[in-house]
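> Protein chains in written order, with my numbering: chain U, 1 to 205; chain B, 1 to 205.
Quick caveat, the hints were computed from the structure, so don't treat them as lab data. The C-beta atom is built at its ideal place from N, Cα and C for all residues, glycine as well. Incorrect hints may have been included.
Unchecked claim - Lysine-lysine pairs mimicking DSS-like chemistry, simulated, CA-CA at most 30 Å apart:
hint	chain 1	residue 1	chain 2	residue 2
1	U	K193	B	K117
2	U	K193	U	K64
3	U	K64	B	K117
4	U	K117	B	K193
5	U	K186	U	K64
6	B	K64	B	K186
7	B	K64	B	K193
8	B	K64	U	K117
To be verified - Simulated restraints, written as ranges between beta carbons of each label pair:
hint	chain 1	residue 1	chain 2	residue 2	range
9	B	A70	U	P97	20 to 30 Å
10	U	E113	B	M1	39 to 49 Å
11	B	H166	U	Q123	15 to 25 Å
12	U	E188	B	E27	32 to 42 Å
13	U	Q123	B	P194	20 to 30 Å
14	B	N189	U	S107	11 to 21 Å
There are 2 protein chains.
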Amino acid sequence: MTHPIIAAIEARNTINLFDPSQSISDEQISELVRLATRAPTAFNLQNWRFIAARTTEAKQRLRKVAWDQAKVEEAAVTFIVCGQMTDERVLADRLAPAVDAGIMPASMVPSWEAGAKMLYAGQVWRQRDEAVRTATFGATTLIYAAHALGLGAAPMIGFDHEAVAHEFDLLPNEIPVMLLAVGHAKPENWPQKPRRPLAQVLDII
Amino acid sequence: MTHPIIAAIEARNTINLFDPSQSISDEQISELVRLATRAPTAFNLQNWRFIAARTTEAKQRLRKVAWDQAKVEEAAVTFIVCGQMTDERVLADRLAPAVDAGIMPASMVPSWEAGAKMLYAGQVWRQRDEAVRTATFGATTLIYAAHALGLGAAPMIGFDHEAVAHEFDLLPNEIPVMLLAVGHAKPENWPQKPRRPLAQVLDII
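Modelling step: build the complete structure from the supplied sequences, incorporating the hints.
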């Protein structure tokens, strides 16, 4: 039997047509984000924030700054998945629960801080890359979690970054890395599109 | 019963200690990348390339430009996951199989090209963000695929970008977005570390 994870990877399709009559609960939204944040992040920095637009009013505001795409409003919830520019000064705080749980020795924290400082301090493009990576790790995990709950998802980049940041009061260190519409799929959606041949995208050395 | 995808998201841990005596086959490497490339990408651009360092010689060369981290060599394979700066001129080629398969109407391709051109043409930071997003969508999916196959994985950012690009002949439009070590986990690895409370990372509006 195909492993359910592999079946999901093969079956997942991006949903453009959502059933606007079906909503999801705040508990389901929380469960999706709880799972999304189990994704890995560099140094366990968890430099992300999820804004879940789920009221009609919030979704309409978001649609206006997202190329007027109907799925923003027709989905049960559309997340603004934010990455935060990395700042190694928060790292000790982010690692404290792992130290308290006896997973990570406290003596190891300074070397992680030194590594993070070496990578990020004063290097804006690395800070931004990490924000994009972190948000995408979380969003991808959220997409598969949604699939497991019987929901469809559409990652979206067609929006006005500056307008989203302004309209939804993003912090100065936050980047709206993608929108992620999640809800009940209509049956008419396209299946997953064909992929490039492996020979074009894989080199084994 | 917990859905196997949710169980995997909750159980997955980053592997630092691999059993160096256990290898994986080229077929398994191909299967992992086949699954990774089922992840979504913007406009289905699939602007990624996976370089699988699986010989001792290749892994040693990579370890030298990756902070001498032992897991690069001890893992059965360490992928250099590359994102490619987006270039909307390849889009028609990437969409042709979906048109041929009858999924996407040929008449829709020009509007996708126009959207991609508006987003990316001449906008270097958007091209780079997309390279990072694409590679991370693929890498995250590869991590869960590896989990399904009983393998562990470690996404890594501790490496010298320029040296990796030079040593492994990356194309001028390619960014080494992360390294991803994959192999058989030793039992001594840390469990998944605790996460930030949901109230810190989720706003429902």
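> Indicate, hint by hint, whether the structure satisfies it.
Outcome of the hint check:
1. For a cut-off of 30 Å, the pair hint linking K193 (chain U) to K117 (chain B) stands: about 21 Å separates their Cα positions.
2. For a cut-off of 30 Å, the pair hint linking K193 (chain U) to K64 (chain U) stands: about 28 Å separates their Cα positions.
3. Restraint check for K64 (chain U) and K117 (chain B): satisfied, since their Cα atoms lie roughly 21 Å apart, inside the 30 Å limit.
4. With a C-alpha separation of about 21 Å, the suggested pairing of K117 (chain U) with K193 (chain B) holds against the 30 Å cut-off.
5. Restraint check for K186 (chain U) and K64 (chain U): satisfied, since their Cα atoms lie roughly 23 Å apart, inside the 30 Å limit.
6. Under the criterion of a C-alpha separation no larger than 30 Å, the hint pairing K64 (chain B) with K186 (chain B) is consistent with the structure, at around 23 Å.
7. For the hint linking K64 (chain B) to K193 (chain B), the alpha-carbon distance of about 28 Å falls within 30 Å, and the restraint holds.
8. For the given pair, K64 (chain B) sits about 21 Å from K117 (chain U) by alpha-carbon distance, which is consistent with the 30 Å threshold.
9. At about 27 Å, the beta-carbon gap between A70 (chain B) and P97 (chain U) stays in the expected band of 20 to 30 Å.
10. Between E113 (chain U) and M1 (chain B) the beta carbon distance is about 41 Å. The supplied range of 39 to 49 Å therefore holds.
11. H166 (chain B) and Q123 (chain U) have their C-beta atoms about 19 Å apart, which keeps the hinted 15 to 25 Å range intact.
12. Between E188 (chain U) and E27 (chain B), the C-beta spacing of about 37 Å keeps the proposed range 32 to 42 Å intact.
13. Taken as a hint, the range 20 to 30 Å holds for the pair Q123 (chain U) and P194 (chain B), whose Cβ atoms sit roughly 28 Å apart.
14. Remark: the range hint 11 to 21 Å for N189 (chain B) to S107 (chain U) is upheld by a beta-carbon distance near 19 Å.
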